[in-house]
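Protein chains: 2
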Amino acid sequence: MKIAILGYGTVGRGVDRIITERVPSVEVARILELPDRITDPRMTASYDDIVSDPDIDLVVECMGGLEPSHTYILSALNAGKHVVTSNKAVVAAYFNEFATAATKTGVAFLIEATTGGGIPWIAGIEKVRRIEDVNSFYGIMNGTTNYIVYSMLKDGSDFGESLSKAQELGYAERDPSADIDGIDVRNKTIISATVAFDVACTQDLPVTGIRTLTKYDLDLFGSRDMTVKLIGRGVQKDGRYAVAVEPMALPTASLEANVPTNFNLVTLDAPSIGTLKYYGQGAGSLPTGNAIVQDIIDCEQGRRPVYDFSRGLAYDPDLLRSDYVFRTDASVSGASFYEPGAVVVKGLTAVEARAKFEEALKADPTTFMAALVAGQES
Amino acid sequence: MKIAILGYGTVGRGVDRIITERVPSVEVARILELPDRITDPRMTASYDDIVSDPDIDLVVECMGGLEPSHTYILSALNAGKHVVTSNKAVVAAYFNEFATAATKTGVAFLIEATTGGGIPWIAGIEKVRRIEDVNSFYGIMNGTTNYIVYSMLKDGSDFGESLSKAQELGYAERDPSADIDGIDVRNKTIISATVAFDVACTQDLPVTGIRTLTKYDLDLFGSRDMTVKLIGRGVQKDGRYAVAVEPMALPTASLEANVPTNFNLVTLDAPSIGTLKYYGQGAGSLPTGNAIVQDIIDCEQGRRPVYDFSRGLAYDPDLLRSDYVFRTDASVSGASFYEPGAVVVKGLTAVEARAKFEEALKADPTTFMAALVAGQES
Numbered sequence: 005m006k007i008a009i010l011g012y013g014t015v016g017r018g019v020d021r022i023i024t025e026r027v028p029s030v031e032v033a034r035i036l037e038l039p040d041r042i043t044d045p046r047m048t049a050s051y052d053d054i055v056s057d058p059d060i061d062l063v064v065e066c067m068g069g070l071e072p073s074h075t076y077i078l079s080a081l082n083a084g085k086h087v088v089t090s091n092k093a094v095v096a097a098y099f100n101e102f103a104t105a106a107t108k109t110g111v112a113f114l115i116e117a118t119t120g121g122g123i124p125w126i127a128g129i130e131k132v133r134r135i136e137d138v139n140s141f142y143g144i145m146n147g148t149t150n151y152i153v154y155s156m157l158k159d160g161s162d163f164g165e166s167l168s169k170a171q172e173l174g175y176a177e178r179d180p181s182a183d184i185d186g187i188d189v190r191n192k193t194i195i196s197a198t199v200a201f202d203v204a205c206t207q208d209l210p211v212t213g214i215r216t217l218t219k220y221d222l223d224l225f226g227s228r229d230m231t232v233k234l235i236g237r238g239v240q241k242d243g244r245y246a247v248a249v250e251p252m253a254l255p256t257a258s259l260e261a262n263v264p265t266n267f268n269l270v271t272l273d274a275p276s277i278g279t280l281k282y283y284g285q286g287a288g289s290l291p292t293g294n295a296i297v298q299d300i301i302d303c304e305q306g307r308r309p310v311y312d313f314s315r316g317l318a319y320d321p322d323l324l325r326s327d328y329v330f331r332t333d334a335s336v337s338g339a340s341f342y343e344p345g346a347v348v349v350k351g352l353t354a355v356e357a358r359a360k361f362e363e364a365l366k367a368d369p370t371t372f373m374a375a376l377v378a379g380q381e382s
Numbered sequence: 005m006k007i008a009i010l011g012y013g014t015v016g017r018g019v020d021r022i023i024t025e026r027v028p029s030v031e032v033a034r035i036l037e038l039p040d041r042i043t044d045p046r047m048t049a050s051y052d053d054i055v056s057d058p059d060i061d062l063v064v065e066c067m068g069g070l071e072p073s074h075t076y077i078l079s080a081l082n083a084g085k086h087v088v089t090s091n092k093a094v095v096a097a098y099f100n101e102f103a104t105a106a107t108k109t110g111v112a113f114l115i116e117a118t119t120g121g122g123i124p125w126i127a128g129i130e131k132v133r134r135i136e137d138v139n140s141f142y143g144i145m146n147g148t149t150n151y152i153v154y155s156m157l158k159d160g161s162d163f164g165e166s167l168s169k170a171q172e173l174g175y176a177e178r179d180p181s182a183d184i185d186g187i188d189v190r191n192k193t194i195i196s197a198t199v200a201f202d203v204a205c206t207q208d209l210p211v212t213g214i215r216t217l218t219k220y221d222l223d224l225f226g227s228r229d230m231t232v233k234l235i236g237r238g239v240q241k242d243g244r245y246a247v248a249v250e251p252m253a254l255p256t257a258s259l260e261a262n263v264p265t266n267f268n269l270v271t272l273d274a275p276s277i278g279t280l281k282y283y284g285q286g287a288g289s290l291p292t293g294n295a296i297v298q299d300i301i302d303c304e305q306g307r308r309p310v311y312d313f314s315r316g317l318a319y320d321p322d323l324l325r326s327d328y329v330f331r332t333d334a335s336v337s338g339a340s341f342y343e344p345g346a347v348v349v350k351g352l353t354a355v356e357a358r359a360k361f362e363e364a365l366k367a368d369p370t371t372f373m374a375a376l377v378a379g380q381e382s
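These protein sequence lines map, in sequence, to chains A and B.
Under the working numbering, the first sequence is numbered contiguously, ending at residue 382.
Under the working numbering, the second sequence is numbered contiguously, ending at residue 382.
Calculated directly from the structure, the hints in this document are not laboratory data.
As the list makes no split between identical chains, a pair holds if one copy fits it or if it spans any two.
As a list, the in silico DSSO-like pairs of lysine-lysine whose alpha-carbon atoms are at most 30 Å apart: (1) K241 with K350; (2) K108 with K131; (3) K131 with K6.
No experiment lies behind these values; they were computed from the predicted model shown.
With the rest of the complex left out, here is chain A (with noise of 0.2 Å):
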């Protein structure tokens, strides 16, 4: 099989050298790279080069963002050609026109790598769903966010300190929005919904990060048996969905709680095989470019996930209903005493929580806000 490289980073680059050293089926015929950085006979700067040419089977997309990604995967899938990708915001946001596209010309769309890097944890999805439905997910998808609570537990440093570090570390990006703010988990958040639940749910989302947490939050937390971490959730039950992004108080015991430095831990749960939890490097060069070559070996296997949105899943945000911690000199209405400076809000939606956040930033931008789980009610 002959494939293209869109995008020529540290993960194109990994790809190229996993496929070339260790998959001698598939060849690396083609790369798109800048004009300016043409360095080797399979490189162009011309995408047409690569979609209108017969002989490629496959085209792997890891440019990231929105544009020209959308407009490229597009065409390839069109052309008949498989994508494997693994830019999670094109992803997210295009999931059902690429889906479509690839079942109507019965290509495959292979996008394990957007999600929990190196861990087979979209694949192990669609595993489980070849016997029953997924009846809920939840986990730590995001290293940097792990890395930052991990820190301050462990070495005491603030919140900043411990960002910076995981900047040094290579764990960040210069602009940590996308990580503090929970954009990147709600980007993989609604790729695990769709696939688990079959629903290509780009709104609707509550999104809250870690922004604001302090020292004082993992303290206090602290003294309930309680660490804090960055959660991404979906749930399905009787023709309905709902999900949501937020900060979680977790027992101290749970696996989650103990999740190191910049590892993801994700979990499923359903009817028969009860709950499975998937562990691994979620994101670096190695684990993605791995994740982007099991997709490419799967599909030349014949691996064609078909995605089916027509069941309608309808939106209830009742479905995920918990206390909520506010720490905040703002008022919260609802709300009566938790710890000193804290409150907290029995049995809002994640919809409702983060409409309080919102109101509570203006009064106090410092305020932390973190559900509590099941069975750890105040």
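Here the structure of chain A is known, so what remains is to put chain B in place on it, guided by the hints.
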């Protein structure tokens, strides 16, 4: 595809139900059952009816035990029928023979359900190996012993009480020896090593269980922020390998230490993918039945694992070297003080530690031994 099920206990019935309800492309055409239990037109008491039936493409063996399972599996493979089995004892004993027969007739020999129950562990190792070698694996592979330790820590009950509770809950057999003496983990470690390293290791495997574990031991390690778990593990390096089954003292902040009730947690490590962990139900009719059905669907889709034992990996116990703690009244050579009633011996191979343990048991039958993980050295 038409299949036959050998053994109609809870797992066999679960497979029949899942296939019938959810996998329309597969038909359970025959079931091997005892003569006095035949209640269904698909049932026969004669294995010959099944193995000589050209319409049967695949045989599911879930009878357990060495014979007649060994003979039945082998004759199915030789007759060109795919085999899916949950029988860890027979696979651990005859892996090489089975894999060789399957390769000869070009059929699939699939064993997901033998190890880690519903956890996609075997397929996960195979998937990693499509790209690179697995350096090492380790994990909690036995739910009964995990439950016993969990219960001792959580409820403060002693070993016997916790074992009784495990038996009440259906987690432990009436004769719990295979679990608490590490035989079950031994079989799963052999199978994992065979899949991970292409080495059919049926000997040279030091096996120690947790039969002599006491609350005193858990307190002793607890005071040093460690928990004891029964661990199966294997490592390969430069054409050599080592495997062991023994109690290990793990940091309380490790994921392994926080695995609750009867769950399993298995880990592999490979150069580019890094550390991957899989968590789930390691036993039970539904997860095990689920794993069998996944293998059947994989087989239908063309999965044909190939094992290559020809490279003849050499056994080298030196690859697994740890410090070992012995809680014993016996005198242990080379030991120094660790805690009251307990000594430590540094830098033993698992084989050397097992020999010292057997020696100590002669003088003090209550002796308990645990390996310290690297970084936890005394």
